[in-house]
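Enquirer: Letter by letter, the chains look like this.
Number of protein chains: 4
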Amino acid sequence: MLTVKRLDIADARILIKGASEKANEIGVPMCIAITDESGNLIAFERMDGGKVSSAFVAQDKAFTAAAARKATHEYNAANVPGNLAFGIHTEVGGKLSTVGGGLPVVVDGDVVGGIGLSSGTPQQDMDCAQAGIDYFLQNRG
Amino acid sequence: MLTVKRLDIADARILIKGASEKANEIGVPMCIAITDESGNLIAFERMDGGKVSSAFVAQDKAFTAAAARKATHEYNAANVPGNLAFGIHTEVGGKLSTVGGGLPVVVDGDVVGGIGLSSGTPQQDMDCAQAGIDYFLQNRG
Amino acid sequence: MLTVKRLDIADARILIKGASEKANEIGVPMCIAITDESGNLIAFERMDGGKVSSAFVAQDKAFTAAAARKATHEYNAANVPGNLAFGIHTEVGGKLSTVGGGLPVVVDGDVVGGIGLSSGTPQQDMDCAQAGIDYFLQNRG
Amino acid sequence: MLTVKRLDIADARILIKGASEKANEIGVPMCIAITDESGNLIAFERMDGGKVSSAFVAQDKAFTAAAARKATHEYNAANVPGNLAFGIHTEVGGKLSTVGGGLPVVVDGDVVGGIGLSSGTPQQDMDCAQAGIDYFLQNRG
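Chains as they are written, first to last, in the working numbering: chain B, 254 to 394; chain E, 254 to 394; chain W, 254 to 394; chain V, 254 to 394.
Treat the hints as calculated values from the structure; they're not laboratory data. Be aware that a few hints might be false.
Identical copies carry no separate label here, and so any pair may be met within one copy or between two of them.
Unchecked claim - With a cut-off of at most 35 angstroms between alpha-carbon atoms, the simulated DSBU-like pairs for lysine-lysine come out as follows:
id : residue 1 : residue 2
1  : Lys-258   : Lys-348
2  : Lys-304   : Lys-270
3  : Lys-348   : Lys-270
Quantities reported herein were computed from a predicted structural model and do not represent experimental measurements.
Here chain B stands alone, though its shape is the one from the complex (with noise of 0.2 angstroms):
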């Protein structure tokens, strides 16, 4: 039998919360998506203005950096022509997603969950992913 630690409710919320001040710090309402380590949904907002495509972005990165064990931007970097990873992007019907923005949650050197911010800029979307992040270490109980 296997143990495994996961993301609970409270810790989605304070992602979140660290997530949506940075993105309201840089002007850019966002989709969050919090998965748990298996890439399953715990928590899910859309701030006033957020993009409804987002709303499916955002639950792919945070999927892909959880199911993965991997950020979706360094899937990017491997997702080139020439490269053994190359296509990469079609996998798990789509879901598998190579656009930045996507970061997994790692406690203790676990991957716990995963965080996917989705309607800014790929590099906007990655900023506030790490500030939900940087938060969630700060703030968790």
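Here the structure of chain B is known, so what remains is to put chains E, W and V in place on it, guided by the hints.
Expert: What follows is chains E, W and V alone, placed relative to chain B:
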């Protein structure tokens, strides 16, 4: 009427054993999928620590290698802009994988199945898939 | 933070062994899928003679039993016109199975995975799934 | 290693010829799909006047009959609320058809393929599918 040769479940277990031994040797827990010659699943194992997303990707790689009778890294080499095969990775609902790690299983010149590995780098996945085939060819009845 | 218990690959193999022994006893080759508590595949075997379509159905049954923490035959009983649950079988992209043969694997009151059988009648599938669980509970370490 | 018997393209043409002659006889232009024993398409014809939607439905019927080794009208009989198989029609991404008109093609006790008809009433589809099989069994080499 055609007569087709196909891996049986005992063959599939041998392939998994060879691949997982190599995975243990390199210290990367893998998802390992074995399909028949038509790309349908015969056996699958997710080693403890294998990635959730790789449970899907490994199956797609094995499907591709068997059903298309081609290693996924060969498709990868062809899947570059300007090549007439570019874009092939979205076919079959995205199940046609161009990520290295899927190999056809060939016996006496016939493709009798496919093996797909996922969780490591594509090169690690390829090495473990090849180890599975090598072990199978030496140890099948 | 939550702590989750999950079947490991050794557990999955025991479940498959118990189910396949029962399948051999009744003379019906089966597809057998084992998922973790989130419904993601850990192990799968298609016994020689198992149906191709059942390779998919078995996975859906195991997914449902684990992810919904409910036997698929219990969903079946509720999935009748007029019942408020009617239509549940098209959920999760049709992966939520209401066909008998999927059972949650429960240890110390926690759902730690799912087992799904397919190729026989639903009752045969259910019997073999139960045999897998019985064998597991008697033989796990 | 398993050895599997499978329809070849000449067999598939004979099946289509028998089914289309019956379709002409009853005055209903049909879509006719022939799959191999794993449910993958070998041949397909849409008679002039066959329905566009039936180009899909016929393939699903033939897939089901072959991959599940069961006539779709038999699944239809089991797919009623209260039966343990109810809900089976959404499996395999909805490809598992419980609409009459799909029959396994059996030679010497082995399912070697499937035939699926669509465009008429289910009973007309079933009659033409059966006519295809009857013609095939009398005229194959």
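Enquirer: Determine for every hint whether it applies to the structure shown.
Expert: Status of the hints after comparison with the structure:
1. For the identical chains of this complex, Lys-258 and Lys-348 are neighbours both inside a copy (23 angstroms) and across copies (26 angstroms), given an alpha-carbon limit of 35 angstroms.
2. In this homomeric assembly, Lys-304 and Lys-270 come within 35 angstroms of each other (Cα to Cα) both inside a single copy, at 18 angstroms, and across copies, at 24 angstroms.
3. With identical chains, the CA atoms of Lys-348 and Lys-270 are at most 35 angstroms apart both within one copy (25 angstroms) and between copies (30 angstroms).
The structure meets every hint from the earlier list without exception.
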